[in-house]
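Protein chains in written order, with this note's numbering: chain U, 37 to 396; chain C, 35 to 344.
Please keep in mind that the hints were generated in silico from the structure rather than gathered at the bench. Zero decoy hints are in this set.
Each pair of labels, with its calculated beta carbon distance range:
#1 C/304 with U/137: 13 to 21 angstroms
#2 U/145 with C/124: 31 to 39 angstroms
#3 U/361 with C/304: 26 to 34 angstroms
Just so it is clear, CB atoms sit at the ideal spot from N, CA and C, and this is done for glycine as well.
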Amino acid sequence: MRQFMKYFSASFLFISMVITSSIAIAADYKVGFIYIGPPGDHGWNYQHDVGRKAVDEAFGDKVETVFQENVPESADAERVMTQMALSGADMIFATSFGYMEPVLNVAKKFPKVKFEHATGYMTADNVSTYSARFYEGRTVAGHIAGKMTQSNTIGYVASYPIPEVVRGINSAYLAAKKANPNVEFKVIWIFTWYDPAKEADAAKTLISQGADVILQHVDSSAIMTVAEEAGVYAFGQASDMSAFGPNAHLTAIINGWAPYYVKKVKQGMDGTWKGAEQTFDGIGAGMVIIGPLSDKIPDSVKKEAMEIRDGIASGTLHSFTGPINKQDGSPWLKAGETADMGTLLGMNFYVEGIEGDIPQ
Amino acid sequence: MILSEINFAVLVASLIVASTPLVLAALGELVVEKSGVLNLGVEGMMIIGAVTGFIVGVETGSAYIGMMAAAMAGALLSLLFAFIILIMQANQVASGLALTIFGLGIAALMGHPYTGIKSPQISTLSIPFISEIPVLGTMFFQHDLIVYLSLISVLVIWYFLNRMRAGLILRSVGEDHDVAHSLGYRVVTIRFLAITFGGAMAGVGGGYLSLVRVPQWTEGMTAGAGWIALALVVFSGWRPFRLLIGSYIFGGITILQLNLQAIGVNINIALLSMAPYLATILALVVISMSRFRGNRGAPGCLGRSFVKIT
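Whenever a hint applies, use it, and build me the whole structure from the sequences.
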């Protein structure tokens with residue numbers, strides 16, 4: 037047994053070494069990206085990689101981009117970013133929430149390198165954050181889900197209990213409830229962003245308990261495949277996933293990072309980039325895109341969904357508009373009141389009507 | 035909280051499906067370790083099996099041919115490992131880890147054009163009459179061929195290791211390769227065969243993941259299943275039936291905790307997510323404490339290179 041443990045600690049060291057394998061680059065401006073999973077996930081990481089390629093395309097030879105995939109949200113991230121900074125990166129995009137501490141630590145050591153951290157809330161002189169109002173997309177998806185469900189049970193596969201995910205559940209629930217007052221949500225937390233087998237198991241469980249529309253806040257396309265097989269509906273996450281479930285795919289909430297990445301790299305090159313900025317854009321700015329709607333959706337519902345989308349984009353509609361109570365029945369928003377930024381960014385409660393607890 | 039919302043028959047049926055890749059891969063590794071070789075490349079062989087099985091399944095339109103290809107791919111990759119550690123006598127731990135990293139990389143490369151494709155189906159093979167039994171039929175007798183095969187392999191491997199002369203020889207090679215060698219057994223050949231078998235089983239386990247359980251190809255889709263298989267071998271004390279129990283406990287709690295969450299049970303979810311690991315370790319520790327005390331079943335020469343005495 038002791039020997040076995042020795043093997044495992046040795047293996048851990050070895051893997052860490054491999055992950056931090058060095059990268060050599062040689063262009064005017066160097067931009068690094070770190071991904072939490074593989075860009076081949078057809079989800080979250082894929083879409084960040086689309087953004088990286090847009091940077092490549094926009095600047096040609098003037099900018100060189102490098103990326104490192106499967107970087108754990110731990111000290112490994114610090115090592116990878118240190119390595120990137122040492123090999124001459126001028127700007128680093130850290131594309132997952134859990135890179136927050138590592139980004140701040142590395143940023144301190146390399147004050148000249150510009151850091152952009154996705155979905156975080158801590159900034160520094162050379163660290164800015166950016167996030168998308170995914171919950172706006174979930175309002176549209178929630179409405180469609182509420183209209184499409186026959187069993188009035190909607191399943192939700194969630195990753196980690198962080199504000200971003202909770203916001204998405206609340207937003208989807210409010211829209212679904214408005215579209216169909218009998219709707220009920222079943223939420224499963226799987227504590228991972230990317231594990232196709234676990235995601236598939238969670239989806240199968242929800243379907244076996246009567247859910248006929250599945251929403252997901254995890255990264256792979258496994259749930260879409262399961263939904264297709266079981267003959268239920270699902271929504272693409274981060275990317276269009278219709279290839280995985282032509283019949284199941286209702287629409288997708290697509291992350292549009294490309295314009296932001298191109299803009300930020302340009303700012304970095306001409307010296308107008310600023311630290312300590314927090315960008316939080318939604319459908320209006322094109323950072324959240326509603327994919328094509330499936331033919332399975334009746335025209336009337338399509339029209340309503342598009343109205344919601346356009347309303348949110350133009351600012352006449354807000355995903356969280358009162359009256360809304362918290363889960364325990366205490367009032368949160370008065371009639372007509374909309375949620376403020378601070379509450380949204382730190383959201384750690386369910387709205388009234390959702391069963392179950394948020395894991396702490 | 036309404037427990038009746040959980041369909042226990044479906045739960046058992048899905049836990050069996052969820053555990054099958056683990057059972058297959060761990061059984062293969064058990065035989066490898068019994069011959070005295072520690073192959074830490076299970077994860078790599080599984081993913082190579084997953085990607086090859088998927089590609090061949092899609093190209094031929096038959097999931098069964100895909101499964102066979104998965105076995106061959108796993109075996110082929112394990113041959114590389116066998117060559118390195120048996121002929122070149124390299125360190126088994128380092129070689130096994132390298133195999134995992136190599137497998138993950140090459141699988142990503144091979145699978146790149148195959149993301150976003152549907153795989154051919156493996157139909158379930160309902161056993162006549164007994165599959166009609168309510169509850170029990172749904173639980174155990176409406177599975178696909180591979181599930182039945184995994185159960186049969188548990189039996190066959192147990193019989194081979196404990197009741198057959200060839201199994202005895204394999205174990206003796208694992209216990210003390212010098213003695214086995216001086217008795218005239220071909221240590222290297224036997225280990226070659228064991229490693230290849232382990233590779234094929236890991237390959238089938240991976241193929242089951244990409245063709246049945248998920249079913250699609252996604253980069254990195256084994257997500258640590260190979261490591262869990264490795265741990266199960268150790269915790270089962272190198273015994274096939276315990277290994278099966280361990281795998282089913284692991285798969286069972288995994289599925290159960292998802293079901294409990296979906297019906298809104300008020301249990302700390304972090305605890306629930308931890309539960310499969312805890313329960314598996316606990317159960318196997320308890321089994322191994324009650325009987326055969328002191329005999330953990332670890333082969334004496336596990337992980338040691340064999341240098342021929344001339």
